[in-house]
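Listed below, chain by chain, are the residues.
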Amino acid sequence: MNRKKGDKGFESPRPYKLTHQVVCINNINFQRKSVVGYVELTIFPTVANLNRIKLNSKQCRIYRVRINDLEAAFIYNDPTLEVCHHDSKQRNLNYFSNAYAAAVSAVDPDAGNGELCIKVPSELWKHVDELKVLKVHINFSLDQPKGGLHFVVPNMEGSMAERGAHVFSCGYQNSTRFWFPCVDSYSELCTWKLEYTVDAAMVAVSNGDLVETVYTHDMRKKTFHYMLTIPTAASNISLAIGPFEILVDPYMHEVTHFCLPQLLPLLKHTTSYLHEVFEFYEEILTCRYPYSCFKTVFIDEAYVEVAAYASMSIFSTNLLHSAMIIDETPLTRRCLAQALAQQFFGCFISRMSWSDEWVLKGISGYIYGLWMKKTFGVNEYRHWIKQELDQIVAYELKTGGVLLHPIFGGGKEKDNPASHLHFSIKHPHTLSWEYYTMFQCKAHLVMRLIENRISMEFMLQVFNKLLSLASTASSQKFQSHMWSQMLVSTSGFLKSISNVSGKDIQPLIKQWVDQSGVVKFYGSFAFNRKRNVLELEIKQDYTSPGTQKYVGPLKVTVQELDGSFNHTLQIEENSLKHDIPCHSKSRRNKKKKIPLMNGEEVDMDLSAMDADSPLLWIRIDPDMSVLRKVEFEQSDFMWQYQLRYERDVVAQEEAILALEKFPTPASRLALTDILEQEQCFYRVRMLACFCLAKIANSMVSTWTGPPAMKSLFTRMFCCKTCPNIVKTNNFMNFQSYFLQKTMPVAMALLRDVHNLCPKEVLMFILDLIKYNDNRKNKFSDNYYRAELIDALANSVTPAVSVNNEVRTLDNLNPDVRLILEEITRFLNMEKLLPSYRHTITVSCLKAIRVLQKNGHVPSDPALFKSYAEYGHFIDVRIAALEAVVDYTKVDRSYEELQWLLTMVQNDPVPYIRHKILDMLTKNPPFTKNMESPLCNEALVDQLWKLMNSGTSHDWRLRCGAVDLYFTLFGLSRPSCLPLPELGLVLNLKEKKAVLNPTIIPESVANNQEPVNSTNNHGQSVGFQNTFSNSQEEEEIDMDTVHDSQAFIYHHLNMLERPSTPGMSKFIASSTRMAPVPQRIIYLDISPTKKYEWQVELRGHGSGKEQSLGEVNMHPVSAAPLSVFSKESNSSKHSDHHHHHHHEHKKKKKKHKHKHKHKHKHDNKEKEKDPFAFSNSPASARSIRSPSLSD
Amino acid sequence: GNKHASTPADNYYLARRRTLQVVVSSLLTEAGFESAEKAAVETLTEMLQSYISEIGRSAKSYCEHTARTQPTLSDIMVTLVEMGFNVETLPAYAKRSQRMVITAPPVTNQPVTPKALTAGQNKPHPSHIPGHFPEFPDPHTYIKTPTYREPVSDYQVLREKAASQRRDVERALTRFMAKTGETQSLFKDDVSTFPLIAARPFTVPYLTALLPSELEMQQMEETDSSEQDDQTDTENLPLHMSTDDSGPEKENASVLQQNTSLSGSRNGEENVIDNPYLRPVKKPKIRRKK
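Chains A and B, in that order, are what the protein sequence lines are. Start counting the first sequence at 1; every next residue gets the next number (the numbering used here). Start counting the second sequence at 1191; every next residue gets the next number (the numbering used here).
With the rest of the complex left out, here is chain A (with noise of 0.2 Å):
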């Protein structure tokens, strides 16, 4: 979608508009996790020739379509359930990530594309002309759902309800189609009706408003019927149903919270906070929420922690916290508000298409730190930012940049934005995880810089003016054509700014926006005295990945002895230097006090300072405008004064780390000042302990008087009586809490002369955690005694080891014997009295895995693998995993690996396969240019499979599967594969390969029978659900398909029991697992396809890989493949093999027609014209390969 696009208003991809859908699921099975249920989709064609109806649906098996109470053909066909199927060799990660980009579009709703199309029948050919409603009904059903939907079934005694047992809608962008037929895309917008029946111990919770529930006749369920007034795209709809507790919020009627049983009290305390939430967007937006009620749900196993949908968010329940938890409390907050900001962007207003993602993204993430402004104040935002800063520019220096508004048109062949990355960015689909998360943190950074440029005044009033077009567009009746106005794009918004503003930002956009990359500053200076000037020299690197170009102003803030000064330099190409004017004369008069840049007038002790310059010291982009990092050189003196005297904490924090590199008594000196101020933002203090323990451990031999820290910890947090023992804890303060816990972590980093923790520092660590108390505390210690131990993993050094002994008791060092001590006593407790959210055993087992690495402690996976199996709380399971991982990378073991990928695949919890695939790729066995035992064949291809067709129910996943196989083996093949076979020929001067003629019978018998055979196997299970019936050819007799109703019902009876392949035709293809069709389909209709395809991928141009597709319009390879595959197909099923032969003929007579609108279809590209494709039933046959026809 291009800008141009957006100014016209919003044009469909689709020959049809949905206006309303009815969602019922009549039957929710725990025990089996199924569902059954049916969808009725209210559209109205746009054009006179609509004969097929393109939906998304996953993993759904449908039984019956029918429009207009008439029976419809459909064709179920899924090209990401297995991503490369016909060459079993390929195994290059570049050839990967195109066909599955590919893939991807092939059924992108985007595009106008879908899994399932369905054809509209003969007999409504003439109504569909004029225009008039079709109503699309599907029956479907979902069998043990992998992705879309997760059910959450406590293994105990008792009903489902009495067991906690739940399910509810989960996934990553758009996701609904994993659990009911839809059009899957967040621009295809329409009311809603939603009906669930349950069993009448539980809540159903959807979207928008709980209009009625009713007993079924047996009075043993209750449907819940939910009306949705306000157009929504599926993506936005979601589900929840559980045994849930109901509050209805005190202050805010309309809003209900639910939460799983037993768990009331802490609901009550976390959700107490919301309406303050509520009203300060309201506040800011002047704009009332927009859907008539709004609900919270609090679930186990949760896929993300905040998951925003049209008036209602799904929350992880480990969200939940007592007034007790300190720690927990303003994270859970955060995650409210950034669920109530996605309210309004994100579900209330929607998007044009994912080029426009990163409007919704930044405008829900900026508003969110507004939120966080006025809630934790202005030093914990600005932290934030530069935390947020740091992170995005980190992230783009290593991999290369992050787009925010990727443009993709034309077709060319160096259209590819993001070539630097190992996927492709054209789709949600297939972003990295860690690159979405990057993606929304650059959204957020650009709309603050377009508030920097603007005001945040003009900036609130632009959001106000989208959410009124809204909010009017969504009161309108479908007709009247308004509804796209929920719609934000790129366009749209950046028009919004200027009518409201008047400003010009498109430098701006152009700058961060449609270009990726980050600005590297180096900044250094010297003071001219003869001329009074300070001659700052600002270089660039924009040579390096991820970097671009900065020209335009640049804020430079210099503090003089007379006061601080901002001056804004023009960066230009050619100029590095910039004269700065000073303006106080280098003498300086002892008495005065220095004006700082608020205002305030300090006394400084100025001797440190350089006699003959009168800066005190300089800041670049103190403001944090730019998409940047800056390396910036002043003398120590000058961090020093910066870091005491600047009221910015941000300043503080840069100055902080600077000092790192100046181990000096004076460095020393502020930085204990620092520490021991009470106005200083606790953060800042925290960071100074960090940085206090590297300067001591740098200044080890020349350190004079107790370990750093020790007195000041005493004389803050230890009793005036006796200095060894710590004060009962009271919490009541949290900045010292939050030093109180810090000090002691940064501490047992000091080490002597030997390079050993100081023994003073570990008995001082031991007597903390000996003498805590917490029995007058308000608050738990949890978090504290879990730093405690965090802290005597820190003091922990490598084992002096002779001749590689094995690790005994025997000899056990003793300082390491008194630490396991207290892990074992700790680790123990929690077995008796768990702490919340188990943190203790969190830092025990991460200690534990110190101990071992160090060698004081035999490396044993096996303590962490049994705490990461599946029944322990997650934080528990995912800090055994990590240890597994890092045990894995350490010990180089193949057999971790092996239980790590097979839990990958198996365990219960998407967010556990998805965190296991996460943490091996930062912490990889083995990298792709590394020799290592672990890197072979069998891995290679069990990775392949995995990312080919083993994650196909969860986005998240396989892109995970991307990554790690991208960090394992690089783009091109692994290197410890066996060369490939010399199965293709490849023209590098045309970058195309033809499949060698030669070889091609012995690549059909070889190459698809056996795989087909072991997919069978091996697949099985992850794709039973779907229904694919595409062996059926495009033209299907509809009788054929649905020869009566007999047939339905017997089919309906098959959920009942396991199904059984080869029933009849229809049930054949449908309970047979995906792959097996998958691969009939291609073979069938491959040339459809792949032309498809090849148009896709040449106009990425990727690399050669991508020209296997045309292997496939070699008209000699194509034919006979086609026939074998049929034939041997058929063969297998005997029963079936008179209805192919049927069918291939069929298909023949049709080619000749076809043929004669193929040439119009050459030329045009197929982006240009997306409409020929669906809107004529001759183009849509038309693309099919001449080879066939002959």
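Among the hints, a few may not be true.
Stated by the list, open to error - 30 Å max Cα-Cα, derived DSS-like pairs, lysine-lysine:
{"no.": "1", "chain 1": "A", "residue 1": "Lys373", "chain 2": "A", "residue 2": "Lys465"}
{"no.": "2", "chain 1": "A", "residue 1": "Lys373", "chain 2": "A", "residue 2": "Lys776"}
{"no.": "3", "chain 1": "A", "residue 1": "Lys865", "chain 2": "A", "residue 2": "Lys846"}
{"no.": "4", "chain 1": "A", "residue 1": "Lys846", "chain 2": "B", "residue 2": "Lys1472"}
{"no.": "5", "chain 1": "A", "residue 1": "Lys221", "chain 2": "B", "residue 2": "Lys1472"}
{"no.": "6", "chain 1": "B", "residue 1": "Lys1369", "chain 2": "A", "residue 2": "Lys889"}
{"no.": "7", "chain 1": "B", "residue 1": "Lys1378", "chain 2": "A", "residue 2": "Lys831"}
{"no.": "8", "chain 1": "A", "residue 1": "Lys549", "chain 2": "A", "residue 2": "Lys530"}
{"no.": "9", "chain 1": "B", "residue 1": "Lys1351", "chain 2": "A", "residue 2": "Lys776"}
{"no.": "10", "chain 1": "A", "residue 1": "Lys865", "chain 2": "B", "residue 2": "Lys1369"}
{"no.": "11", "chain 1": "A", "residue 1": "Lys770", "chain 2": "B", "residue 2": "Lys1472"}
Hints in this document: simulated from the structure, not taken from any laboratory. From a predicted model like this one, the values you see are computed outputs, not experimental measurements.
Take the given structure of chain A and dock chain B to it, following the hints.
Relative to chain A, chain B alone:
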């Protein structure tokens, strides 16, 4: 027959009893019986023993009645008279010719009655109290014991004690748990030095992880329950006032809500909060489609 008698006290009583049995048997012989059933002998022995015991008991009472500790002949006499025995006949009976002489029971020591636990030295009688008066009881029964040490009020020691006590309890408890259940170990060669209670998965892991333990709940109540109540009170009231800007409905609602909280929705009163999730579930309508 008590085969298992083994303690000196048992032996002592057994010997006496046996003598009594011999006495009964000889009296029976004297009376002309040739044989007797064991049960009969036992019964007679029992009767004799009761009789003699009663004489002893009564005699002691008479003696104590006259403020003496040792019974005299006259005490015995009175006793026998009281029991309806003709004392006059006794000398003649004692001198009868056919009487049999029985050997004295074997000398066994009187069993030592275990002494009551003595605490401290009993005080000797002061000079003005005659020596036959009973001894003073154990000192702890009447003496006010002075505390030898000041109660530990030193902060440092207290903390030290509390800390080590808690640590000991924790260690003992966890060791016990580890001994009685499954364990894991960090060292393959040694499972007892650092025993770890084996990790056991939960069916519902989030409950233990999120809910405060009973101990914590108790603590929270103890520390400042009053303070907490105050807090919730204040939270409820003034903040309602601050919501007026968000429209009249809301204001009404919050007023209503206060009412309900006052009247208490438990009474089955009509609930005024209009939230769709609180509405009653409807009965199914009987309707026919198509």
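Hint consistency between lysine 549 (chain A) and lysine 530 (chain A) [alpha-carbon to alpha-carbon, up to 30 Å]: violated, 33 Å
Against the 30 Å threshold, does the CA-CA distance of lysine 770 (chain A) and lysine 1472 (chain B) hold or violate the hint? Given pair lysine 770 (chain A), lysine 1472 (chain B) is violated - Cα atoms ~60 Å apart, limit 30 Å.
Below or equal to 30 Å on CA atoms is what counts here, so check lysine 221 (chain A) against lysine 1472 (chain B). Holds. Lysine 221 (chain A) to lysine 1472 (chain B) sits at ~11 Å (cutoff 30 Å).
Is lysine 865 (chain A) within 30 Å of lysine 846 (chain A), Cα to Cα? holds, 13 Å
Does lysine 1369 (chain B) sit within 30 Å of lysine 865 (chain A), going by the straight-line distance between their CA atoms? holds, 22 Å
With a cut-off of 30 Å on the C-alpha distance, tell me whether lysine 846 (chain A) and lysine 1472 (chain B) pass. Violated, because 54 Å separates the two Cα atoms, which is more than 30 Å.
30 Å limit on alpha-carbon distance, applied to hinted pair lysine 1369 (chain B) and lysine 889 (chain A): violated, 34 Å
Would the pair lysine 1378 (chain B) and lysine 831 (chain A) pass a check requiring their Cα atoms to be no farther apart than 30 Å? Answer holds: lysine 1378 (chain B) to lysine 831 (chain A) is near 22 Å, not above 30 Å.
Do the alpha carbons of lysine 1351 (chain B) and lysine 776 (chain A) lie within 30 Å of each other, as the hint requires? holds, 17 Å
Keeping to a limit of 30 Å between CA atoms, is the pair of lysine 373 (chain A) and lysine 776 (chain A) held or broken? violated, 33 Å
Taking only the CA atoms, is the gap from lysine 373 (chain A) to lysine 465 (chain A) under or equal to 30 Å? holds, 23 Å
Hints 2, 4, 6, 8, 11 from the list above are not met by this structure, while the remaining hints are.
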